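Peer 1: So the chains spell out like this:
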Amino acid sequence: MITKHKLEITLPSDTEILMIRSFNAPKALVWEFFTDPEKVRLWLGCNGTMTVSEADFRVGGTWRNVFDAGEAGIHPTRGEFLEIVPTDRIVRTFIYDVPPINEHTITEYADFTESNGVTTVKILVKYPSREVRDGHVQSGVEFGAGMSYDRLDEVLSAV
Amino acid sequence: MTSTEHLDAIFGALADPTRRAILARLVQGEASVNEIAEPFAMTLPAITKHLKVLEKASLITRSREAQYRPCRIHAEPLKEIDEYLQQYRKIWEDNFDRLDTYLQELQSKGS
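Which chain is which? The protein sequence lines are A and B, in order. Quick note, my numbering runs 85 ahead of the 1-based positions in the first sequence. Quick note, my numbering runs 51 ahead of the 1-based positions in the second sequence.
Bound-form chain B, shown alone (with noise of 0.2 Å):
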């Protein structure tokens, strides 16, 4: 994959609510596709299709020793992304404090 696929494929997993919540389950802790699948009114192939998605954009991994292959969340491509987006914020903000200086500045002169 190229890095434009790759993100790509991170912003594409991320856009699901039922992705992100299992994410968020595996924050906690690995866990099998049954306990995942516990809190959503899914089938468990729906859940599953949704593990291959994350999987896919490298947000989980899943092991291949134990027999039900429990998912583990991999962080890495988040901060990757949380990363990009911080400077995304960076430039809005400096281009908003820019502007307070002149603000400032400009009334500091009139009274």
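Okay, chain A solo, but in the shape it has when bound (with noise of 0.2 Å):
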């Protein structure tokens, strides 16, 4: 039987948000389908439809994808490639692209680990400041959100 693995959201710091996510397929495999612009359409929708999908994958290359959510809008987002490291590494930076959270950069670390079969993808979110953060929740968009969660869930838990 295939297992489903779960996803992990921790908070390593107030301005950092950590994602971990196994997957039952080789590095290789999952890489490409962090790269390429084609293959990341398939399934990242966040709460809409993809409809732009472009990377130039080098480092200094920019990326853009655009998500279309309905009634919630149109939502821009871009970036740069800072670090590859093929099938390892990617390090980029993140801009939603509506003013004023615009002026704000964020960075993204995915790590990819691979061992007996399991592809493993850390994904560490880094924000200037936790004021970013929160403009992000309330944008109700993309990584943000996922903030207060642990926190909240040692008082939720008790209620």
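Treat the hints with care, since some could be wrong.
Computed cross-link-like contacts, BS3-like style, restricted to lysine-lysine with a CA-CA straight-line distance of at most 30 Å [what the hints assert, rightly or not]:
hint, chain 1, residue 1, chain 2, residue 2
1, B, K141, A, K211
2, B, K141, A, K112
3, A, K91, A, K124
4, A, K207, A, K91
5, A, K91, A, K112
6, B, K141, A, K124
7, A, K124, B, K160
8, A, K207, B, K141
9, A, K89, B, K141
10, B, K100, A, K91
11, B, K160, A, K112
These are computed hints drawn from the structure, not numbers from a lab. Keep in mind that this is a model prediction, so the values were computed, not measured.
Dock chain to chain to rebuild the complex, using the hints, since each chain is given by itself in its own frame.
Peer 2: Right, dumping it as structure tokens:
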């Protein structure tokens, strides 16, 4: 039987979010689905349909994804690749391209490891400040909302 | 307060470890300021300041009746935020589940 792995979301600090998810697939294949824009488009929906999926996949190259969330509007995102270690690591900047939030740059670190045919992807999202992270939460966008989850868990588990 | 300001107040209130500890204490039941302050190496005015932040975010209520004005947790705003964050988690679970499906399909075709 194929086991489905759970998504883990934790908060290493006030300005970071860490997401960890494993897949029953070799690293090279998972890597393709994170780096080839046509394959990214297949699964990365966030809360809408991906209408633009572009990436100039090299250090210094830029990427752009646009999501159409219907009544919730168009959500353009973009950034630049800072570091690429084939099948192991991608570091890129992330900008939610709507003023005034687009003044802030978020950095994402994605690391890929494989063990016994299972690939684990760790995505660390770093915000310049708590305010930026909160701004993202309130826009209902992307990575921001995971922030207080585990903290709330402590409290809510007892309520 | 607008809903955005309200959300700001809640997140701001929860960002501090002392205030989270106070909420965790109040989950056990209502308590006076003195009782709340006991485990902390803090002055009463410092604790009172934290309580005011929690009260402003509607995370606690303070009784006007008894003289020692016991504090009670008010969990509604927490539930509101929790629902919101559940949505965020859901979005990412959906994304990764979709990816999982593609990976499985591709591999079963290949073998």
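Peer 1: Hint by hint, which ones does the structure fall short of?
Peer 2: 10
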